[in-house]
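A.B. asks: Whenever a hint applies, use it, and build me the whole structure from the sequences.
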Amino acid sequence: MTHRQDRDDGSAVRDALCMVVMLAIARPTRGAWSRSVDSPAGPFQSDRTVRFLGIDLGEKRVGVATGDSQVGVAVPHSTIRRTGDRQVIAELRALAADSGAQVLVVGEPRRLDGSVGPAAERARAFAQKLGQACDLPVRTVNESLTSVEAKRRLREAGVDPRRHPERVDAVAAQILLEEELGRETV
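First residue of the sequence shown: 57, per the working numbering; consecutive thereafter.
What the hints contain is simulated information worked out from the structure, not anything from laboratory work. Just so you know, these numbers come straight off a predicted model, no measurement behind them. Where a beta carbon is used, it is the ideal one built from N, C-alpha and C, also for glycine. Keep in mind that the hints are not guaranteed to be accurate.
Simulated DEER-style distance windows between Cβ atoms [to be verified]:
1. A189 to R211: 32 to 42 Å
2. R208 to G128: 15 to 25 Å
3. R167 to T105: 27 to 37 Å
4. G173 to T105: 32 to 42 Å
5. H220 to R167: 33 to 43 Å
6. D191 to E212: 34 to 44 Å
7. P221 to Q143: 14 to 24 Å
8. G238 to L168: 14 to 24 Å
9. R142 to G238: 31 to 41 Å
10. D191 to R137: 21 to 31 Å
11. L192 to V127: 26 to 36 Å
12. D191 to G214: 32 to 42 Å
13. Q188 to D154: 12 to 22 Å
C.D. replies: Put into structure tokens, the structure is as follows:
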């Protein structure tokens with residue numbers, strides 16, 4: 057008899073990530089805290105499905121999530137180890153092409169009062185470089201407290217965020233992308 061904890065084929069990881077996705081669907085983040093989107097274009101007004109790539113920038117890692125406007129659900133995708141902007145942009149460009157992304161959503165770490173500080177300015181500069189490199193529109197979403205929410209979701213799914221910090225980044229990207237996708241369906 058095989059017990060779940062005896063398997064080392066990645067099934068437990070897959071099960072935990074599926075649980076995180078189910079929690080995300082059952083428990084939307086709207087209203088948990090206030091975030092805003094800086095996008096002069098506003099939401100897409102289209103009958104076609106638009107594919108999104110959500111990006112949570114960190115000092116050591118970059119979390120990535122995918123989603124589309126038709127389903128309206130974001131899913132954690134991967135984590136990129138950050139060694140420099142050029143390397144991250146090259147990897148994100150490849151991911152955007154592979155996933156068919158049409159819009160990039162980059163987290164902007166604003167202060168809790170909503171003001172823009174140095175970290176948010178760096179994220180905006182990165183977002184601009186990324187958009188130019190990918191030749192895609194970029195939207196920024198205030199990512200304040202997404203890591204806190206990501207850790208909570210992982211704990212609820214039975215995953216220890218301290219042992220798996222890379223998952224925190226991918227789930228944080230999922231959360232900021234959920235906010236953008238929520239605006240798409242309004």
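A.B. asks: If a hint holds in the structure, say so; if it doesn't, say that too.
C.D. replies: Hint check results:
1. The beta-carbon spacing between A189 and R211, approximately 36 Å, falls within the hinted interval of 32 to 42 Å.
2. For the pair R208 and G128, the supplied restraint of 15 to 25 Å holds, since their beta-carbon distance comes to about 22 Å.
3. The hinted window of 27 to 37 Å between R167 and T105 holds, with their beta carbons roughly 35 Å apart.
4. Distance hint check: the CB atoms of G173 and T105 are about 35 Å apart, consistent with the given range 32 to 42 Å.
5. With their beta carbons about 28 Å apart, H220 and R167 fall outside the hinted range of 33 to 43 Å.
6. Judged by the Cβ atoms, the range 34 to 44 Å given for D191 and E212 holds: they are separated by roughly 38 Å.
7. Checked against the hint of 14 to 24 Å, the C-beta distance between P221 and Q143 comes to roughly 19 Å, which is consistent with it.
8. At roughly 21 Å, the beta-carbon separation of G238 and L168 lies within the given 14 to 24 Å, and the hint holds.
9. Take R142 and G238: their Cβ atoms lie about 32 Å apart, and the range 31 to 41 Å holds.
10. Range check, D191 to R137: about 25 Å between beta-carbon atoms, so the 21 to 31 Å window is met.
11. A hinted range of 26 to 36 Å is violated for the C-beta pair L192 and V127, which are about 20 Å apart.
12. D191 and G214 have their C-beta atoms about 41 Å apart, which keeps the hinted 32 to 42 Å range intact.
13. A C-beta distance of roughly 19 Å is found between Q188 and D154, which places it inside the suggested range of 12 to 22 Å.
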